[in-house]
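Asks: Residue strings, one per chain:
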Amino acid sequence: MNNVASNSVPTVFTVDDDAAICAGLCDLLESAGLKTRQYSSAEEFLESWNPNMPGCLVLDVRLPGMSGMELHAKLAEAGASLPVIIMTAHGDMPMVRKALKAGAVEFLIKPFQDEELLRAVEEAFAVDRAQRRAEKLVNSIQARAETLTERERQVMDLVATGLTNKEIAEKLYLSVVTIKLHRGQVMRKMQAETLADLVKMSERLNPTHDSDRAGA
Amino acid sequence: MTAAQANRLSRWTMEYGIKPCAIAGCFVLVAMLWTFPLQHVIAYPFVFLFFAAIMGSAWFGGVIAGFVAVVLSSVIITYFFIPPLYSITVAKESQSFLAAFILSALAIAIVSSARKRAESVVRNARDQLEAKVRERTAELQRSNLEIQERERQLRMLTEAIPQQIWRADTSGRIEYCNQYLRDYVGASAESLLRESFLSILHDEDAPLFRRGWESALMAGRRFEAEARVRGADGRYRWFLVRSLPHRSEDGQIARWYGIHIDIEERHSLQQRLLSAHEDLSRFSRTMSLAQMAASIAHELNQPLTALASHASACRRWLQAEPANVSRAATAAEVIVQETTRAANVVRRVRSLFSKSDYVRESTDLNSLIVDLAGLLRDDAIRRSVSIKLGLAEDLPKLQIDPVQIQQVLLNLAINGMEAMTGIDGPRLLEITTKALGTEEIAASVKDRGPGFSETVKTSMFDPFVTTKPEGTGMGLAICRSIIEEHDGRIWAEQSEQGTVFQFVLKVSK
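Line order of the protein sequences matches chains A and B.
Residue numbers for the first sequence follow the numbering used here, beginning at 1 and rising by one.
Residue numbers for the second sequence follow the numbering used here, beginning at 1001 and rising by one.
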């Protein structure tokens, strides 16, 4: 549970009140060389949950106390990006729809084939990896943006909206030459090779009109 | 003296004074006037006319007039015709003559008036009789008219009632139908009067109707039945036929009155209700079955999921390079445990359904079937299926759960009827019973449906096997489990006309 371990190897977290199923799933996942953790309830999982741990969640719908769907909703609310695979013995369509709408990666109806689970876990891991990479990218852009002065940040935002140097100069009551200097400084500090790179970075910093995971 | 008294007195005077005196006077005067000329022709004092006058007076005027006439005649004879003439005295030799005259005259007066009285009594009596007869005749005529009028009104009433009414004689032959019935039946109204009305009933209702009607005729009890009656347009409508015996004063049945009440609307409503109800019960049956199946599925899915996972894991551990035998062994161990768990679930489910309400009652299979036929009647009519029972007599009683066995019969019967939907020929469902030796009783349900294929034959009693789009596939499976629980056998055979389902139950010793 320490950060060193969690940061390196993705883990499959299985939550099912039926210990035999939990054990079975973990046995299967481990036989495929995956790292697993078992929980018998949603509450138990939340207690030991660390958002930094990569991997995915394999969740039974019917649980004592907090249900699987509720746990899923709660994680989404907390902004956790952990991909979720939902399992149930009742394959009713409304529930499937609900789960997929809530952002579940896969919906498995018990009993399922080992390949189904492994494929779903594989997919979930891929989603998790992509999300974490995107997150890391945003973090590094943010770190770079923090080195900018206030004026440089202003110039970057206006450049990103598509204004020319002259227009920016008029807007900020500065000379075009000054704007050009600031702009060169911004490109250097943000490590942007082209104008397009800079625009993309600005978009990631100010996710106003799109999802923050766009382009991930 | 009051006016009434005066009136009575004057009438009395008239009746007993003036009228007799006048009559007597007239007769005697006539006699005297005729005697005057005649006395010259006849030598003896001629008094015979006075006898006639007295007789006439007594006859027409009564006894008083008779006596007045006797007195007047005696005086006149004494004065005018007995010597010495024109004197009131009588010569000695004529005294006996006068005495004889007076006596004879009195006798004549009395006899004549008596005769007259007797005759008038007779006449009076006759007159009264005649008057009475006339009166009676008039009364009779009046009451006859009244009866006719009343009958006319009654007939008008029966014609006016918007229901079909008939009257039949003691043997049940129809004598009279009202206009409504004639209009409804149309062309066959004439034959209705001649024959019994069984001819206008639907073929399927006629036998039951005939039985009911005949037994009502025999017992003299009121009769009521529902049947389809053919109208003038050839279409049938449902009627409630009700008939009451009318008894004469000696208690014998004089005639039967019947009324047909149109219940087509009610009947179709009832049918719709019934079919809705059936749909509902079928729906709820499948619903509860679905729920049960879901919970069983869940119960079984849990161990199966664990089993499948461990089994897959076990294979993977063994396929790995190098094979992880210890993990594989652990997985295999869990598999064994989980198998036991799954088996326990199955055992629990089974114990849930088995013999929890074990009932055995001494039951007459035939009466079960008769009851069932009653239950099925409406359903059969709706599907245009005739049900024919062929029940062996004197079957021994069986130790069975009557509800369960009836369930089996019901299931087979409904299957049979459903099998016949859409066939062209006669839709006949035969339910028969027979003894197989002394140890077993066989019951069979035979339909005229299309039969079944060889592939279905082997699996038709298995659960979830169905050829019907909305069937659950549980019907025959349940039938078989019930029959086997009763130590019996059930099977299906293809007959030349359809399918025969047959089951055999043991007669308990």
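Keep in mind the hints are simulated off the structure, nothing from the lab.
Being a predicted model, the structure only gives us computed values, none of them experimental.
All C-beta atoms in this analysis are idealised placements derived from N, C-alpha and C, irrespective of residue type, glycine included.
Each hint should be verified, as a subset may be incorrect.
Said to hold, decoys possible - Short derived list, chain B residues pointing at chain A, Cβ under 8 angstroms:
hint	residue
1	A1313
2	R1316
3	G1473
4	S1495
Unchecked claim - Here are the simulated distance ranges between beta carbons:
hint	chain 1	residue 1	chain 2	residue 2	range
5	B	H1298	A	Q113	13 to 21 angstroms
6	B	A1323	A	K74	37 to 45 angstroms
7	B	R1348	A	E122	50 to 58 angstroms
Asks: Return the status of the interface hint for B:R1316: holds when the least beta-carbon distance to chain A is below 8 angstroms, violated otherwise.
Replies: Nearest chain A Cβ about 4 angstroms off; hint holds.
Asks: Against the range 13 to 21 angstroms, how does the distance between the Cβ atoms of B:H1298 and A:Q113 compare: consistent or not?
Replies: With Cβ atoms ~19 angstroms apart, the hint holds.
Asks: Next item in the hint list is B:A1313. Is there a CB on chain A closer than 8 angstroms to its CB?
Replies: holds (4 angstroms)
Asks: Close enough to count: is the Cβ of B:S1495 nearer than 8 angstroms to one in chain A?
Replies: violated (43 angstroms)
Asks: Determine whether the Cβ-Cβ distance between B:R1348 and A:E122 falls within the hinted range of 50 to 58 angstroms.
Replies: violated (37 angstroms)
Asks: Just to be sure I understand the hint, the distance between the Cβ atoms of B:A1323 and A:K74 should be within 37 to 45 angstroms; is that true here?
Replies: holds (41 angstroms)
Asks: Would the hint on B:G1473 stand, with a C-beta cut-off of 8 angstroms toward chain A?
Replies: violated (20 angstroms)
Violated hints, in rising order: 3, 4, 7; the structure is consistent with all others.
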